[in-house]
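Number of protein chains: 2
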Amino acid sequence: MMIITPDNIVEYILKNTDLFSSEPLLVEDISDYNPEEELEGFVNYIYRVYNQERSVIVKQARPYLKCFGESYALTPLRNLLEHETLRLRGEIIPQFTPKTFYIDKENNIFIMEDLSYLKVMRFQLNKMLYFPKFAKQMGEYLAKSNFYTSELYLEPETHRLLQASFINVNMRSIMENVAFIRGAFGDIDYNTPNKKLLNVSELVWSKDEIILECHKMRDIFMKRGECLIHGDLHTSNIFINSDQIKIIDMEYTFMGPYSFDMGYLLANFISQFSAFTFKSNIDQEKRESYCLYLLSTIKEIYTNYVYYFNQCWEKDVKDTYRHVKGYKESILDNFLSEVIGFTACANLNRLISLTGYPDYDVIEDETDKSNAQGLSIAIDQFILLNRNKIKTIDELIQTIVEIRKKFMENRS
Amino acid sequence: MMIITPDNIVEYILKNTDLFSSEPLLVEDISDYNPEEELEGFVNYIYRVYNQERSVIVKQARPYLKCFGESYALTPLRNLLEHETLRLRGEIIPQFTPKTFYIDKENNIFIMEDLSYLKVMRFQLNKMLYFPKFAKQMGEYLAKSNFYTSELYLEPETHRLLQASFINVNMRSIMENVAFIRGAFGDIDYNTPNKKLLNVSELVWSKDEIILECHKMRDIFMKRGECLIHGDLHTSNIFINSDQIKIIDMEYTFMGPYSFDMGYLLANFISQFSAFTFKSNIDQEKRESYCLYLLSTIKEIYTNYVYYFNQCWEKDVKDTYRHVKGYKESILDNFLSEVIGFTACANLNRLISLTGYPDYDVIEDETDKSNAQGLSIAIDQFILLNRNKIKTIDELIQTIVEIRKKFMENRS
Numbered sequence: 001m002m003i004i005t006p007d008n009i010v011e012y013i014l015k016n017t018d019l020f021s022s023e024p025l026l027v028e029d030i031s032d033y034n035p036e037e038e039l040e041g042f043v044n045y046i047y048r049v050y051n052q053e054r055s056v057i058v059k060q061a062r063p064y065l066k067c068f069g070e071s072y073a074l075t076p077l078r079n080l081l082e083h084e085t086l087r088l089r090g091e092i093i094p095q096f097t098p099k100t101f102y103i104d105k106e107n108n109i110f111i112m113e114d115l116s117y118l119k120v121m122r123f124q125l126n127k128m129l130y131f132p133k134f135a136k137q138m139g140e141y142l143a144k145s146n147f148y149t150s151e152l153y154l155e156p157e158t159h160r161l162l163q164a165s166f167i168n169v170n171m172r173s174i175m176e177n178v179a180f181i182r183g184a185f186g187d188i189d190y191n192t193p194n195k196k197l198l199n200v201s202e203l204v205w206s207k208d209e210i211i212l213e214c215h216k217m218r219d220i221f222m223k224r225g226e227c228l229i230h231g232d233l234h235t236s237n238i239f240i241n242s243d244q245i246k247i248i249d250m251e252y253t254f255m256g257p258y259s260f261d262m263g264y265l266l267a268n269f270i271s272q273f274s275a276f277t278f279k280s281n282i283d284q285e286k287r288e289s290y291c292l293y294l295l296s297t298i299k300e301i302y303t304n305y306v307y308y309f310n311q312c313w314e315k316d317v318k319d320t321y322r323h324v325k326g327y328k329e330s331i332l333d334n335f336l337s338e339v340i341g342f343t344a345c346a347n348l349n350r351l352i353s354l355t356g357y358p359d360y361d362v363i364e365d366e367t368d369k370s371n372a373q374g375l376s377i378a379i380d381q382f383i384l385l386n387r388n389k390i391k392t393i394d395e396l397i398q399t400i401v402e403i404r405k406k407f408m409e410n411r412s
Numbered sequence: 001m002m003i004i005t006p007d008n009i010v011e012y013i014l015k016n017t018d019l020f021s022s023e024p025l026l027v028e029d030i031s032d033y034n035p036e037e038e039l040e041g042f043v044n045y046i047y048r049v050y051n052q053e054r055s056v057i058v059k060q061a062r063p064y065l066k067c068f069g070e071s072y073a074l075t076p077l078r079n080l081l082e083h084e085t086l087r088l089r090g091e092i093i094p095q096f097t098p099k100t101f102y103i104d105k106e107n108n109i110f111i112m113e114d115l116s117y118l119k120v121m122r123f124q125l126n127k128m129l130y131f132p133k134f135a136k137q138m139g140e141y142l143a144k145s146n147f148y149t150s151e152l153y154l155e156p157e158t159h160r161l162l163q164a165s166f167i168n169v170n171m172r173s174i175m176e177n178v179a180f181i182r183g184a185f186g187d188i189d190y191n192t193p194n195k196k197l198l199n200v201s202e203l204v205w206s207k208d209e210i211i212l213e214c215h216k217m218r219d220i221f222m223k224r225g226e227c228l229i230h231g232d233l234h235t236s237n238i239f240i241n242s243d244q245i246k247i248i249d250m251e252y253t254f255m256g257p258y259s260f261d262m263g264y265l266l267a268n269f270i271s272q273f274s275a276f277t278f279k280s281n282i283d284q285e286k287r288e289s290y291c292l293y294l295l296s297t298i299k300e301i302y303t304n305y306v307y308y309f310n311q312c313w314e315k316d317v318k319d320t321y322r323h324v325k326g327y328k329e330s331i332l333d334n335f336l337s338e339v340i341g342f343t344a345c346a347n348l349n350r351l352i353s354l355t356g357y358p359d360y361d362v363i364e365d366e367t368d369k370s371n372a373q374g375l376s377i378a379i380d381q382f383i384l385l386n387r388n389k390i391k392t393i394d395e396l397i398q399t400i401v402e403i404r405k406k407f408m409e410n411r412s
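Here the protein sequences line up with chains X and B, keeping their order.
For what it's worth, UniProt numbering labels the leading residue of the first sequence as 1, then goes sequentially.
For what it's worth, UniProt numbering labels the leading residue of the second sequence as 1, then goes sequentially.
Any given hint could be a false lead.
Which copy? The list can't say, so a pair holds if one copy fits it or any two copies do.
[Stated by the list, open to error] No more than 25 Å apart at the CA atoms, straight line, and that leaves these computed lysine-lysine pairs for PhoX-like:
#1 LYS315 - LYS406
#2 LYS405 - LYS196
#3 LYS391 - LYS286
#4 LYS136 - LYS207
#5 LYS207 - LYS328
#6 LYS328 - LYS389
#7 LYS286 - LYS195
#8 LYS223 - LYS328
#9 LYS318 - LYS223
#10 LYS318 - LYS207
#11 LYS105 - LYS133
#12 LYS391 - LYS105
Everything labelled a hint here was simulated from the structure, so no lab data went into it.
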């Protein structure tokens, strides 16, 4: 396999594509994780190649997780999968999907549009920015992406071929552990200065009912093949400005449950809600407004999902299902309870594993930070154990508000 | 593709295998459905080839359902799948799996042991024969077959590769319609002489809650990939004598829910129970004893499944799951409720589709027959709608007995 480097990449592009008609081309290595530059990336080598005419991103998968070195093996085929799923989603929801220009299967390289006219959403949320169009865009993205890759729309035979094509044997192993099992991805850091989080973390993972419910959600994640999911949809994989969003990093894609992507994404809104509740360096009124914005975003993502899902159903559901009374409703009932479960698992396990979590790590005051983490853990545990009792999105929001109220009272 | 015929089969076997060392070989075409010969088969051409030394079965898949002619297309690859799943099960439960000798991928032919020293179970049940060892054997077969092809035992990566290898795009389409949707496999025969069944059939399929629950079970069947299931485990696919069983016809195999095979099989025991309740040509005491035997077989298949499943768990479950308190119990709770759902769907849809059903078709008296069908439909509907309330196998048996009691009272 040829390895692309800053030295050979220009020659490679000119030889294999017609993307650029004039030289010189400039090259920038953007694969390193660097919070200041607002980029996250653990598994690929990524370059920006550009001139005055255009700018593209070149992504090469290496057969291991970059940040863990060569001992952590991963299939480089994931780049082919990502390219294919981007092509597929480009047909369904082109407005939210980066354009792809070129795939080199032999060397696991693909070239896509440069999204640097947009920003990574996580860091914009950290900065307390508002994106009024986001919830509607995300609801539409999730609903259409789910519906049109599901067997509600596709013939069962096509659906099964998609499942086999995107079986994605290895990449799934990461998420199915990280999001559901404490300390699955590296040892717990018992020397952490954050003793409060460590103690809470030990306490949480001593509760049989928490461990059991995490494993039940993990089971749904691993075994239920309903639609092609993104599989790693957090706010760092959303590029955004006030008008539009683009979703990146689809290499975890496989045939999974309808509810996972939304659940995993909402975890980041619970975490921002918890963080802003305690960012004491920000004016109280401003951060409270932002907390309300975050909660309304959770609600609006869900209601827009339901709106667009209904729209897809009306327009395109197969006759097999259209006339089954109560079937759509049973899918949506199930959806909310699972979304809640996945949200809880994702937040909880990231926090109690004591790995980095930028939503909290930007909080400078240690007490604020540990309060924010504690609030999220309280919310996550409660909604995980009560997910089947929460029947509407308003009940979920109400529940979160009440838990925060109690948490504040107990603290004072 | 070469087509095997009685004329070329001997030459084919002698050329390609070392199975026989002496001639002449005799050939028998056993692919036709013939109730008197106690054989059922719709999708393959099957020959017995034998001499004084040994006897083997040669099975060739054709790319359509034999009984429907060339217009009903099916992948002939199913023979390769069947051969592979037989090899796999031969490793797990050799005592219940026919030996395979030869696979010809190019011509979709495979050769397996001749099971004619055993009988097809369905017709032995029709004759009111007892098989005291059967429930234990079947419980063991199902538990081990499920457990050792599940991710409770296999590494997730291996499990996913199995899922992709046995995706079985086409064959699954048959069962996922036949067992869950009325009239999915051929039009309803509105000219049937059995007007009573036709009327009940129309009534049942006018109930929204029945249609909805059938579709919910169908969803589980289609979307949940837990273990490699047989996919068509009825009593005609079980060869039996007083000492042993062999399970045949695995071409429907795919990664499905734990509960399907047992559910689908128990449907045949509910049907025999309903049939024997009304076989008025048989001595009342004898058939009542047989009904009790059928019910106790249902119970014992289940309790043996749980026994062997627990045994497999103790011996071989992965550490990931061994220490999760309540996880095994939650799998088994779910299992019973789904078994009940699949049993109900399979019986109900076969009956209300007015297709042939040998368990009832052997009843000569039309009133007896229609009573038997009516009883099964009553049981099927009730347990389908109440499957989540039935918490133990004893409750299920009790429920069946009570429904029969009420059914008899209403009739008299």
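To see whether the hints hold, each was checked on the structure:
When the C-alpha separation of LYS315 and LYS406 is checked against a cutoff of 25 Å, the pair qualifies neither within a copy, at 45 Å, nor between copies, at 46 Å. When the C-alpha separation of LYS405 and LYS196 is checked against a cutoff of 25 Å, the pair qualifies only within one copy, where the shortest distance is 20 Å, while the shortest distance between copies is 63 Å. Taking the shortest Cα distances, LYS391 and LYS286 never come within 25 Å of each other, neither inside one copy (31 Å) nor across copies (53 Å). When the C-alpha separation of LYS136 and LYS207 is checked against a cutoff of 25 Å, the pair qualifies neither within a copy, at 37 Å, nor between copies, at 37 Å.
For the identical chains of this complex, LYS207 and LYS328 are inter-copy neighbours only, at 17 Å across copies versus 35 Å inside a copy, given an alpha-carbon limit of 25 Å. In the homo-oligomer, the alpha carbons of LYS328 and LYS389 lie at most 25 Å apart both inside one protomer (19 Å) and across protomers (23 Å), since each shortest distance falls under that limit. Taking the shortest alpha-carbon separations for LYS286 and LYS195, neither the intra-copy value of 30 Å nor the inter-copy value of 73 Å comes in at or below 25 Å. Taking CA atoms no more than 25 Å apart as the test, LYS223 paired with LYS328 passes in both settings, with 21 Å inside one copy and 16 Å between copies.
Proximity of LYS318 and LYS223 under a CA criterion of 25 Å is satisfied in both settings, with 24 Å inside one chain copy and 17 Å between copies. With identical chains, the CA atoms of LYS318 and LYS207 are at most 25 Å apart between copies only, with a shortest distance of 20 Å across copies and 44 Å within one. Taking identical chains as interchangeable, the C-alpha atoms of LYS105 and LYS133 are never at most 25 Å apart, the minima being 37 Å within one chain and 56 Å between chains. Within a single copy, LYS391 and LYS105 get their C-alpha atoms no closer than 46 Å, and across copies no closer than 52 Å, so neither meets the 25 Å cut-off.
In summary, the structure is inconsistent with hints 1, 3, 4, 7, 11, 12 from the numbered list given earlier, while agreeing with the others.
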